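Chains as they are written, first to last, in my numbering: chain V, 1 to 413; chain R, 1 to 413.
Calculated from the structure, these hints are not laboratory results. All values reported here derive from a predicted model rather than from experimental measurement. Be careful, since some hints might not be right.
[To be verified] Which stretches of chain R does chain V cover? Using the computed rule of at least three CB atoms under 8 angstroms from a CB of chain V, they are:
| hint | stretch |
| --- | --- |
| 1 | 15-21 |
| 2 | 300-309 |
| 3 | 390-402 |
We put the beta carbon where it would ideally sit given N, CA and C, even for glycine.
Next come the chains, spelled out residue by residue.
Number of protein chains: 2
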Amino acid sequence: MVVELISVGTELLLGNTLNTNAVFLAKECAKLGLSSFHQITVGDNFKRMYEVISDARSRTDIIIITGGLGPTSDDITKEVVANVVNKELIADDHSMDLLMTYFPAKTGQNITQNNFKQTLKIEDSIVLDNSNGTAPGYIYEDDKCIIILLPGPPSEVVPMFKNSVLPYLKKFQNNIIYSKMVKMCGIGESKVETMIIDLIKNQTNPTIAPYAKEGEVHLRITASAYSEKEAKEIIKPTILELKNRLNDYIFTENEEDLLENIIIKKLSANNLTLSIAESCTGGLLAGRITSVSGSSKIFNEGFITYSNEAKIKHLGVLEDVISKHGAISPETAIAMAEGVKNKTNSDYSLSITGNAGPNSLENKDVGLVFIACAFKESFTVEEFRIKGNRNRVREYATTYALNLLRKELFKSI
Amino acid sequence: MVVELISVGTELLLGNTLNTNAVFLAKECAKLGLSSFHQITVGDNFKRMYEVISDARSRTDIIIITGGLGPTSDDITKEVVANVVNKELIADDHSMDLLMTYFPAKTGQNITQNNFKQTLKIEDSIVLDNSNGTAPGYIYEDDKCIIILLPGPPSEVVPMFKNSVLPYLKKFQNNIIYSKMVKMCGIGESKVETMIIDLIKNQTNPTIAPYAKEGEVHLRITASAYSEKEAKEIIKPTILELKNRLNDYIFTENEEDLLENIIIKKLSANNLTLSIAESCTGGLLAGRITSVSGSSKIFNEGFITYSNEAKIKHLGVLEDVISKHGAISPETAIAMAEGVKNKTNSDYSLSITGNAGPNSLENKDVGLVFIACAFKESFTVEEFRIKGNRNRVREYATTYALNLLRKELFKSI
Numbered sequence: 001m002v003v004e005l006i007s008v009g010t011e012l013l014l015g016n017t018l019n020t021n022a023v024f025l026a027k028e029c030a031k032l033g034l035s036s037f038h039q040i041t042v043g044d045n046f047k048r049m050y051e052v053i054s055d056a057r058s059r060t061d062i063i064i065i066t067g068g069l070g071p072t073s074d075d076i077t078k079e080v081v082a083n084v085v086n087k088e089l090i091a092d093d094h095s096m097d098l099l100m101t102y103f104p105a106k107t108g109q110n111i112t113q114n115n116f117k118q119t120l121k122i123e124d125s126i127v128l129d130n131s132n133g134t135a136p137g138y139i140y141e142d143d144k145c146i147i148i149l150l151p152g153p154p155s156e157v158v159p160m161f162k163n164s165v166l167p168y169l170k171k172f173q174n175n176i177i178y179s180k181m182v183k184m185c186g187i188g189e190s191k192v193e194t195m196i197i198d199l200i201k202n203q204t205n206p207t208i209a210p211y212a213k214e215g216e217v218h219l220r221i222t223a224s225a226y227s228e229k230e231a232k233e234i235i236k237p238t239i240l241e242l243k244n245r246l247n248d249y250i251f252t253e254n255e256e257d258l259l260e261n262i263i264i265k266k267l268s269a270n271n272l273t274l275s276i277a278e279s280c281t282g283g284l285l286a287g288r289i290t291s292v293s294g295s296s297k298i299f300n301e302g303f304i305t306y307s308n309e310a311k312i313k314h315l316g317v318l319e320d321v322i323s324k325h326g327a328i329s330p331e332t333a334i335a336m337a338e339g340v341k342n343k344t345n346s347d348y349s350l351s352i353t354g355n356a357g358p359n360s361l362e363n364k365d366v367g368l369v370f371i372a373c374a375f376k377e378s379f380t381v382e383e384f385r386i387k388g389n390r391n392r393v394r395e396y397a398t399t400y401a402l403n404l405l406r407k408e409l410f411k412s413i
Numbered sequence: 001m002v003v004e005l006i007s008v009g010t011e012l013l014l015g016n017t018l019n020t021n022a023v024f025l026a027k028e029c030a031k032l033g034l035s036s037f038h039q040i041t042v043g044d045n046f047k048r049m050y051e052v053i054s055d056a057r058s059r060t061d062i063i064i065i066t067g068g069l070g071p072t073s074d075d076i077t078k079e080v081v082a083n084v085v086n087k088e089l090i091a092d093d094h095s096m097d098l099l100m101t102y103f104p105a106k107t108g109q110n111i112t113q114n115n116f117k118q119t120l121k122i123e124d125s126i127v128l129d130n131s132n133g134t135a136p137g138y139i140y141e142d143d144k145c146i147i148i149l150l151p152g153p154p155s156e157v158v159p160m161f162k163n164s165v166l167p168y169l170k171k172f173q174n175n176i177i178y179s180k181m182v183k184m185c186g187i188g189e190s191k192v193e194t195m196i197i198d199l200i201k202n203q204t205n206p207t208i209a210p211y212a213k214e215g216e217v218h219l220r221i222t223a224s225a226y227s228e229k230e231a232k233e234i235i236k237p238t239i240l241e242l243k244n245r246l247n248d249y250i251f252t253e254n255e256e257d258l259l260e261n262i263i264i265k266k267l268s269a270n271n272l273t274l275s276i277a278e279s280c281t282g283g284l285l286a287g288r289i290t291s292v293s294g295s296s297k298i299f300n301e302g303f304i305t306y307s308n309e310a311k312i313k314h315l316g317v318l319e320d321v322i323s324k325h326g327a328i329s330p331e332t333a334i335a336m337a338e339g340v341k342n343k344t345n346s347d348y349s350l351s352i353t354g355n356a357g358p359n360s361l362e363n364k365d366v367g368l369v370f371i372a373c374a375f376k377e378s379f380t381v382e383e384f385r386i387k388g389n390r391n392r393v394r395e396y397a398t399t400y401a402l403n404l405l406r407k408e409l410f411k412s413i
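Excised from the complex, chain V in its bound form (with noise of 0.2 angstroms):
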């Protein structure tokens, strides 16, 4: 079957949202085995919705709409697809009970004019609550296509289609599709490609597909077959000879781990604890480590350390140090790992130092970051030079540290 996904809203046409309801929708069809081969943004335009949903209408199986469900009167997305499908929009009252009984204590609002426009529904839909906000979604089927209303926010989408739309869908599910993701950090896209073209080439079932992430490629191995265990089988000598390719570079073959999830389950495991002194990134690192949930149990505390004053107060870096080698230097990204692991009596340390841009820094170019990880009595200082602007020196070190560590954990531990 093949799904079409549609997201309305003109501040998408502006470029004033990041459309991750997209993302989201077309990852999880993939994993039910649909077929995608167009994803549509159209305005908040009567006319021209009505012809984007009708077109989508003639060639495809399944629809699903993001967005135009809200309270205010720019919301049409119910109002056009109700005509497309000739039917009216008429009142819910079990919308109707939900609005009047939830909605002053979910919002901590009063209920305004508008919010009961929220309460009608096409004829003969399927209404979906709404857990997280105040917009109904809905299931409109007949024999020519489903047609699946969701709200905007992806806060809403997500649970939404989880509880709701995932149940439904999966009653269509005939082959199913299986795919495994190998993740690589510290090598170019480029360079994967050249290495494993000859798979590349002459892959039919599975196939292998390469994608660049920020400072990681990702190549994701994808089967078809009738039972998962099946497409485990197809995938398994394929992942075997990349592993012989590309080991040193392989962090996890599961989609759905991250580098921070992997390095807080080793520590976890083995009872140890992390701490962090971040200068360039300035909070990154350890965001990206307590995004995780359980990440108190392995990581207490970390530093900024903005200015050499703070290396020097916070984490006993050597004034000697930095006026020798400078603050963008292998010598003080050591300092650094070895002083917040002392302060903190943790049993590893990460430190990131380096110029993340516009202009450049003790005469050090944009870009040019050291990372340390110490343990015990050894430490590791590694040297990169990052391309591009502020936003993406700082990303990518922050990934490029997390591998450090990993690769210094699986080594000693």
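Got chain V sorted already, so can you dock chain R onto it with the hints?
Just chain R now, with coordinates in the frame of chain V:
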């Protein structure tokens, strides 16, 4: 003139990549006064890409295509466009020169066979140099349509668009579109609309469009006019009226202003410094501050005190305060803010403590967050109950902390 954005890449259809190019290009095109009615995403498939580009060519003036110009074998955009416009791919000496001269230095890698694909251009097209990657871009113009081909990585798209495409497109500009963005924090979208529904209903030129961002509400006020000066005059009364009604929540009317920029500008101008102590946000607040170039002038250091021990040891929070009120309490937030201010001798300090989830802590709900700001002998503390998952709680708490500091700054200096 009407522009249509086409994003190429199976990775977009599978949901493996967030389409940040579409956001950037849509915003730039809107600024140029180009209308945009559709954005399309299509995979690396010859037939479907051919259809999508042909369709767009039949109904639009300008097509901007991103992606599929890379060195790997699934990159076929150039080939498809050449077919659509009925031209050959021919060798481009200039691209060949650049490849041979700069490629190894630029990428730190050897030239591989597949890189030579990037030295071919569409006959009669303009080649756009890529100073941030290896794939050149192209502009092909005939009497039917202008087709602009850009690479996929955002770090290459942005400079190539600004340096080469923008000057090219400016010659087609006629009426200009000028907009201001009134940004608010501390109020919900629905409430904003209720307060200005009469303005929205009567809008023609300028138009008013509301957008909800994480923790913020934005109103875009857009005017169409012959000159920027005239557009500014058209917008002025609407901005004044919005300020009349919503002044308490408005922090800027300039699109490029972020809370963090406003804060850093204000602190810098007054030679004041800031320090930060974070618990549940774990570095995100410092990360937002240090994302701004020039932040080192006002920000020297930050502490991520995730554990109670760290709060006591590094910030001097009294053990009694935590045992009596809990780590998630206004008292602890205040003690953290005062502690970090004293410890670092900074003028202002900000602290965040709360429960980001997923489980209740100290019998306190997920989403309960306390934020304190200290300055001289005084302090302010605010309580927030943020709905949603761990990530959302952390992001919103960070935004609310920046907004609290902003309010304090503009109150006292």
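Hint-by-hint comparison with the structure:
{"no.": "1", "hint": "15-21", "result": "holds (count 6)"}
{"no.": "2", "hint": "300-309", "result": "holds (count 9)"}
{"no.": "3", "hint": "390-402", "result": "holds (count 4)"}
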